[in-house]
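Chemist: Residues per chain, in single letters:
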Amino acid sequence: MLHFSTALHCEAQGIIAHYDMKPSGGHGRAQFFEGEKARLAITGVGALNSAIATTALGSKYPNDETIWLNVGICGHLDAPIGNPFIANRISSNTSRDTLYPQFPWKSNIKGIELQTLSEPSTDYKTNQAFDMEGFGFYKAALAFASTEFIHCIKVVSDNAAQPASSHFDKHAIARMIELQIPVIETLCESIDELRPKKPSSNWSSSFIQKAKARFRFTETETHQLNKRVTQLDAILQQDEKTKTDLLLIESSNKKTFLSQLQSTLNQFSTRNIC
Amino acid sequence: MFERIYIEAAIREHPRTLALLERYPKAERVNCERYGEIFNPNRQNFRIQKQNPALILAEKRGTRVLPTPPDYGLGADRHYYFSHMLNCLYDCRYCFLQGMYQSANYILFVNFEDFRSDIRTTAESQPDEQHFFFSGYDCDSLAMDSVTGFADAFLPLFEDLPNAWLELRTKSVNVKPLLNRPPLPNVVVAFSLNPEPIAKSVEHRAPPLPARINALKKLSEAGWKVGLRFDPLIHFENCIEVYRDFIDHVFDSIPIEAVHSITLGSFRSPKSVFKKMESLYPEEPLFMGNLDLKNGMVAYKKSIESDLFESTRKRILTHADEDKFFPCQ
Ligand code: SF4
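Order-wise, the sequence lines are chains A and B. Heads up, the first sequence is in the numbering used here, so the first residue is 1 and it goes up one at a time. Heads up, the second sequence is in the numbering used here, so the first residue is 1 and it goes up one at a time.
Since no wrong hints were added, every one of them can be taken at face value.
SDA-like cross-link-like pairs, simulated, lysine to any residue; straight-line CA separation at most 25 Å: (1) A:K227 / B:E283; (2) A:K125 / B:R12; (3) B:K50 / A:M1.
Pair by pair, the computed Cβ-Cβ distance ranges are: (4) A:E221 / B:P208: 36 to 46 Å; (5) B:K275 / A:E221: 11 to 21 Å; (6) A:Q238 / B:P208: 29 to 39 Å; (7) B:A10 / A:K170: 42 to 52 Å; (8) A:P62 / B:H204: 29 to 39 Å.
These are computed hints drawn from the structure, not numbers from a lab. We put the CB at the ideal spot given by N, CA and C, even for glycine.
Construct the entire structure; sequences and hints are all you get.
Modeler: Written out as structure tokens, the structure is:
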């Protein structure tokens with residue numbers, strides 16, 4: 001699942017259309033949209049608004065397999081208007097922390113240092129882009145994902161030759177972001193490929209369910225049950241899983257049952273090491 | 001080789017930094033104040049980063065040369081370790097680095113001159129004693145030598161420190177930097193070895209066993225002292241027989257006169273490190289069974305550990321004298 005955050009509606013509209021999202025409520029002034037593959041929060045301008053809406057989106061839709069992307073416009077000294085960047089270092093004029101998103105893949109977007117400012121500025125700096133949300137978004141998203149899965153993609157909307165003015169050309173911004181959607185999709189594919197495949201099948205979930213119906217487990221025992229069954233799922237052949245099902249019938253109590261699971265693990269892990 | 005290089009402020013102009021940046025002109029450069037800003041934050045995934053780690057160039061401050069724990073020695077008066085790098089090119093599933101560090105990015109401390117000067121000061125402070133310096137505790141000593149130039153930078157130091165010994169601990173077969181120079185009597189090139197089935201299935205990205213044995217052979221033929229590190233012993237089906245044949249094979253391949261020392265160690269891990277390794281690799285059979293937690297350490301159940309350890313110990317002693325053997329249990 002992708003979770004986008006944008007400050008403005010014009011930054012969001014191409015993404016909403018591309019992922020076929022529909023309005024799905026909101027939080028304060030933030031608006032949420034949802035589709036089959038993606039959700040999006042329009043957060044309003046500023047790091048704090050971005051952080052609040054990001055936290056609200058993450059809390060409303062808990063999912064540990066989400067990619068978090070802040071997409072929006074930025075200022076840059078001399079990069080052409082419409083150029084996309086991905087932040088490789090994020091700082092803020094209101095915090096001493098610096099954040100370093102991690103990219104363990106060959107990025108299709110050029111990296112840049114992003115500084116999040118609390119006010120709009122035309123004081124462009126060499127080798128640095130600035131925006132007003134990235135830092136707040138990133139800090140908040142870290143509550144829901146590790147740094148490899150959180151990124152800020154910024155498209156240059158103004159530079160020293162064409163500085164930002166108080167008047168936003170919303171259509172131009174919408175078009176700029178829209179043009180980057182293929183690049184964003186490729187990026188998301190690269191990120192998704194990194195994710196280790198979860199070693200669990202239908203067998204483990206149905207076995208755990210049956211076990212829970214047969215015995216009443218404490219919290220610690222539930223943890224042991226989940227862990228042992230998931231591990232067995234990773235190393236047992238189908239016929240061995242069928243035999244393991246019998247443990248549920250044969251074990252007279254939950255203690256024996258859990259220790260039988262561990263004995264099975266002791267036996268088969270040794271075989272599977274090499 | 002590196003998509004991204006992080007550069008710590010203090011060493012931005014260091015000659016080794018400049019040389020590395022010149023060598024990797026296409027790598028994206030990111031400045032940082034201290035390497036810990038990148039390396040230490042919690043919300044990182046070691047397993048994912050391991051697929052393509054970045055390089056962090058940093059300065060090692062504070063204590064660079066540390067005494068080893070008391071039971072970790074090779075018969076010298078004093079033993080120390082130092083780490084010019086953190087993290088490793090290889091990806092052994094039992095490696096404690098993955099459980100210890102948040103990040104799989106490589107840190108290279110470029111201020112080799114400070115390490116050298118600390119080693120010299122340490123050795124010269126007690127000239128009548130023998131000092132043993134282990135490299136390759138937080139990395140593999142030679143695996144990234146083509147990047148770091150570690151061997152060429154440190155071997156000359158030991159040429160004129162007669163009371164100091166250096167151990168290069170490695171699985172790398174990149175031994176050219178050693179073969180290109182005359183052997184040093186106070187340097188031990190120590191190879192970590194496990195039977196081929198383990199090397200194949202657990203020591204990911206590391207050279208296969210035959211290649212390591214071949215490198216050992218070449219080094220011993222060239223007059224280098226070599227070390228055999230049978231560590232960690234891994235329990236698997238028929239492991240006692242497999243380890244027996246493996247020990248025979250290693251000793252049949254290398255002249256015993258070239259062997260400086262042999263160590264033997266069981267698989268052990270502090271609980272917190274183990275928990276992290278297990279959560280990174282929930283499908284890894286190595287972490288699933290026959291283990292016990294005792295005094296904060298995860299290890300094989302007593303009987304399993306001692307059967308394997310004892311049988312391997314005995315086999316080693318059929319090939320080597322006890323004075324070369326340093327079991328660690
Ligand atoms: S070679 Fe050594 S340092 Fe490198 S991954 Fe393997 S155990 Fe760890």
